[in-house]
Structure formats: structure tokens, C-alpha cells
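Novice: Read off the chains here:
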Amino acid sequence: MVNGPIEHVIKVRDLVVDFQSHRVLNGVNVELNRGEVLGFVGASGAGKSTLARTIIGLLPKRAGTIEILGTDIDKADDDQRRAIDRRWGVLFQQGALFSSLTVGKNIEFPIREYLRLSNKLTKEIAIAKLEMVGLSPDVYREYPSELSGGMIKRVGLARALALDPEILFLDEPTSGLDPISAGDFDQLILTLQETLGISVFMVTHDLDSLHRVCDRIAVLGEGKIIEAGTMERMLASQHPWLTSYFHGARAHADWHVRVKG
Amino acid sequence: MAAGTLVGQARGDGVSLTAAGSWTAEYAKSLEPLVDAAVAARTAARSIAIDVAQIERIDTYGAWLIERTLRAWSSRGVETKIVGLPDRHRGLFEKVQAGTNKLSPLPRRQNPVIATLESVGRSVALVGHDMVLIFQMGGAVVAAFLRVLMRPHTFRFTSMINHLERVAWNAVPIILMITLLIGAVIAQQGIFHFRSFGADIYVVDMVGVLVLRELGVVIVCIMVAGRSGSAYTAELGSMRMREEVDALRTMGFDPVEVLILPRILALVIAVPLLAFLGSMAALYGGGLVAWSYGGINPTVFIARLRDAISMQTFEVGMIKAPFMALVIGLVACVEGLQVQGSAESLGTKTTDSVVKSIFLVIVVDSAFAVFFASIGI
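Residue numbers (the working numbering), protein chains in the order written: chain A, 1 to 261; chain X, 1001 to 1377.
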């Protein structure tokens, strides 16, 4: 918000990423609008996670520009980079909780590092975050190894939200969860996104989540964005991969009804 | 963007506070004293309202600070309410209000004296438990070995050769270098002190006996425990963390037979070989120093060595090597299989593995020393 209202919180232009000699992304153009949930789909190995990791800065890019909250990350100095790091939260596929710290300390970690609040307030905020993601405050004292898969994802989300970020990256948030937990998790993301006004960049394979949570969907294939737009547009697309993905054995009949009706 | 403010004014027996500006994470540090002061100051009021209409930006931090203030007042019986809440912030406030933000109390702390005694007692009991586990593992390895002897085609020969390459062949350079230096240092110290009473030549006896009987094999075992024992523990530990060990079991394989037996056999073969190479390198190092520093030329050194040591000296040293290898392997595997889910536990167990195996190597060495002394060798 420093540079006035920004339409695109993330803007990726002609992004090229190589793994050794293998080209994974070849000219990706995509943008994330403020306040929307953008879902990323694509075949396994199409480079969805690579794209997310490149935007976060975990992987080097060969060419192209990435603009986050109006700042070109190539031109940003260390302070600007740190300021951007503070304004996004990342939920990794396996949660990536620090296993040597309790749940509470995991959530407090970024708060202590960046905000230097009093111990009392830090702890209260951590507990508030835990309750916001639907966990009991008593989870605060437990270690990640004592939690179930669904709880790990929730704690991971609480940690990603610790600094009240503007952008949230979710890497397959519902993978490994049973359908009921996955549905609850979708609902949680939706309510948090609405109440906190976050822009969400979500990599997923879960057709139900795509349908319930995402405002827009981008499809990645052959190193490029094949198609981007609303669910209706995906369902109407004639691209062979899209038709088999959205009309395949695992797609639900009721979507088509809902979209047409 | 300005930091948040909180201004109040009294109205009869009520107080109305106006919050404005940015109530976000970056300003939370300066907002907290503000709300604390507000809570501390107004004690006489019967009802308090916070007007949030002028807040420009707010996030969980700001919402919680306001909620916390209201809760502090309510607990004193003051009537509280929020006024002017815009629709766009309603969801956030509801979310924050929904939480209890209370941890259940911790169980009462124990008397520190009793707690210390308890932890000492537990560690002593653990030592016994560890010994039991090591013997159990020894038994399981022997049983697996006997099964393999009856059905030799089930033995994982390739796996053993692979481990042999890692623990024996790849360890040769570092073992040679370290033992060479140890031999050289012993010879140098020996010459330095023996020279004062003209007994330089006895340094050859000392180097020969010390290296072949004791130091060669012990130094090599300490190196192997640090180098290969730790690797075994870390490998098995991470395999356990990823449920690979359980996967083997469900497929009807015995993890001891598949994972542990080839590793331990590789160690039992490797350590005597390395101990031999190490002893030779130490003698060589001793000889070099004796020549360059003590003026004992190689011919004299070798002739003296032949008188000073017998085949038995060498055998006494070498016979210990496979037993020490077994101890290192068993400890490493026991610790590896005890790894729990966390990265920290993998680190602790790897440390434990190295510390315990070095300790037990020295215990085994002492036991052998007592044994050989009592049978008069």
C-alpha cells in the first residue's frame, strides 16, 4: 500500500526457469489481483511448484521479471526484499514446521523476528492465530511430531498468517487430507481470505478446492500458461488437457449443472 | 500512513474512546502501551465504548488489542461496546472475538530436588535399558546371520559390498593420515624423554608395542565410530522417519536381515583391515621420526622392532578389532532405529551413537587388557 493502490500484487512476465539443461518454465505470464484466490493446476511435473518457488525466491530464474506488490524483485535491495518477505506467508506441502520448536514457538518465530513485541502480546497473537485456524489453544504447547496431518496443515497456515500477510502461497493445501478435513480446510481458507482480505496463490490438484475456493484458475502446461480464467471458462475450453482434466472421471457432474444454471 | 491512536473522553459515568489511524502489525509495538495505559487509567467508569470508525487499516493485531482491552474491562464489571464498526472489518472482529485466548493451566511444577533425583534415576535406568537393547540387537543379528547361513542366496551381498566400499575403502586415506601422525608423535615424545637417560633405542619397543597392541586398533575404531557409525545411525534414522523400515516389514522382510546385517558385517570385515593399515602407517610414522629426529636409521629400527615385538603382540591387537566393530555397528543400528519423528531426535541419536560407541570401544579394550593380563600374555 506504500505505492498507492496496486491492481496486481504479483505480476510475472516471460518467466524462464531451467533445471540444469531441462527447461521447466518457458515464458510464463501471470498476475495475481488483489483480494482474489488464484488456483494453479497442471499435470504433475508441469512446474506448478517450480513457479511458486521461483516467485518466492527459492529457485533462480533464467529470464523474465517478477514484480511483487509493485516492486521488481531483481531491482530490490536487501531491505526491500526483507520488507516483501514480511508481507507474504507460505504454507508448504508438508507444513514445514520446525520440529524442534513447539507449535506456539513456530507461530511466534516470525513475530519475534520482525515485530519485537512484548512476550505477552506475542503469545496472545499466536494463540489467537491458532484459534483462527480452528485449533484449541492447548495445541500451543505441543510439538509438531505429536500432531495429525490435518493439524500440521492448520498450524502451518497459522504460521503463514502470523504477520498478517497480504499474499498467501499455498502449495497443495489439501493434499493428504481426508475429504471432510479437506472441505473444512477449503472453508477455512475462504473465510480467512475474506476476513483478512488476503490475495491467495494456490497450487492444487484438488478439483473440489478449485471449485469452491478459487476466483480464477490458471493452467500450466508445456512450460506456459495454457489458459487462465474462471471455472466457467475452464469448463468451456476445448484444449484437450483441460477437457480431460475438468470433464474426466474425477470431475463432478453437478459443477456443469451449476455453471449452466 | 500514520500509527494508530487511542483518545478518550469522559461522558458522565461512561467513557468513550476513539481509535484512529493504522492498527496493524507494524504499529503493534507502539499500540500496546496505548491500550495498556487505557486499561490502567479508567477505573471509575461504568461503561466504556470504543469508536473504531476512524481506523484506516486494521489487521488481527489491532483487532486483538482492542478486544483485549474490552475483555480487561469486562472482567472488572464494566459495560463495553464497539461502535462504528464498518462492514469490511466486521468479519475480522467476529473471528477475533470468537477465540478464548486462554491456555489451560500447566500441571504444577515438581519440587526441584525431587525432579533432579528423578531425572538422575531415569538416566541410570536408561543405561540399563540401552544395554538390553544392544544385547537384543546382537541376538537379532546373530539369528539373522544363522538364517542367512542356511539360505545363502538370501544374503544381500551387493549391499554389503556397497557398505564395505564406504566404510573401508573410502576411509583408507584419512585413517592412514591420522595413524601416521599418531605414530610420529609417540616416537617424538619417546625420543625426547628417553634421550635424557641414553635409552633412545627403546623408543622402538615403545612404538611397536603401543601401536600394535593398543593404539592402532583403538584409534581406528574411534575414527570408524565417528565416520561410519554416525552415518549408519543417520541413514537408519531417516529411513525410520520416512516409514521405510515399516514398509520393509509389511512386505515380509526382516529389517535386521535387509538393513542391519549387511552393515554390521561390512564393519566387522572393514575394521580389522583398517586396523592393520593403521598400525602399519603408525609404525611407518614412528620410523620416520626416529630416523629424522632421533637418528635411528631404518635398518636399525627394523632390526630392533623384530626383537621388541612378536607375532603375539600383533595378534593381541588384531583380535580385538572385529569385537569393537561389532559394538560400533550394534550401537549405531540400535540408536538409528530409536529415531522419532523430529529432526532434533535424529541429531540427538546420532550424537548418542558416536558417544556411546566410542565409550564402549574403550570399555571393550579395557576388558581385553584385563583378560590378556590374567592369562599372562
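Please keep in mind that the hints were generated in silico from the structure rather than gathered at the bench. One should not assume that every hint holds.
Stated by the list, open to error - The list that follows gives simulated cross-link-like pairs (lysine-lysine, DSS-like), each with its CA atoms no further than 30 Å apart:
{"#": "1", "chain 1": "X", "residue 1": "1102", "chain 2": "X", "residue 2": "1029"}
{"#": "2", "chain 1": "A", "residue 1": "105", "chain 2": "X", "residue 2": "1029"}
{"#": "3", "chain 1": "A", "residue 1": "120", "chain 2": "X", "residue 2": "1102"}
{"#": "4", "chain 1": "A", "residue 1": "75", "chain 2": "A", "residue 2": "224"}
{"#": "5", "chain 1": "A", "residue 1": "123", "chain 2": "A", "residue 2": "105"}
{"#": "6", "chain 1": "A", "residue 1": "105", "chain 2": "X", "residue 2": "1095"}
{"#": "7", "chain 1": "A", "residue 1": "105", "chain 2": "A", "residue 2": "120"}
{"#": "8", "chain 1": "X", "residue 1": "1095", "chain 2": "X", "residue 2": "1081"}
{"#": "9", "chain 1": "A", "residue 1": "75", "chain 2": "X", "residue 2": "1081"}
{"#": "10", "chain 1": "X", "residue 1": "1029", "chain 2": "X", "residue 2": "1095"}
{"#": "11", "chain 1": "X", "residue 1": "1029", "chain 2": "A", "residue 2": "120"}
{"#": "12", "chain 1": "A", "residue 1": "11", "chain 2": "A", "residue 2": "75"}
{"#": "13", "chain 1": "X", "residue 1": "1029", "chain 2": "A", "residue 2": "224"}
{"#": "14", "chain 1": "A", "residue 1": "11", "chain 2": "A", "residue 2": "224"}
{"#": "15", "chain 1": "X", "residue 1": "1102", "chain 2": "X", "residue 2": "1081"}
{"#": "16", "chain 1": "A", "residue 1": "11", "chain 2": "X", "residue 2": "1102"}
{"#": "17", "chain 1": "A", "residue 1": "123", "chain 2": "X", "residue 2": "1095"}
{"#": "18", "chain 1": "X", "residue 1": "1081", "chain 2": "X", "residue 2": "1029"}
{"#": "19", "chain 1": "A", "residue 1": "123", "chain 2": "X", "residue 2": "1081"}
{"#": "20", "chain 1": "X", "residue 1": "1102", "chain 2": "A", "residue 2": "123"}
{"#": "21", "chain 1": "X", "residue 1": "1081", "chain 2": "A", "residue 2": "11"}
A quick note: this is a predicted structure, and the numbers were derived from the prediction, not measured.
Novice: Run the structure past the numbered hints and jot down the numbers of the failing ones, going up.
Specialist: 9, 13, 16 and 21
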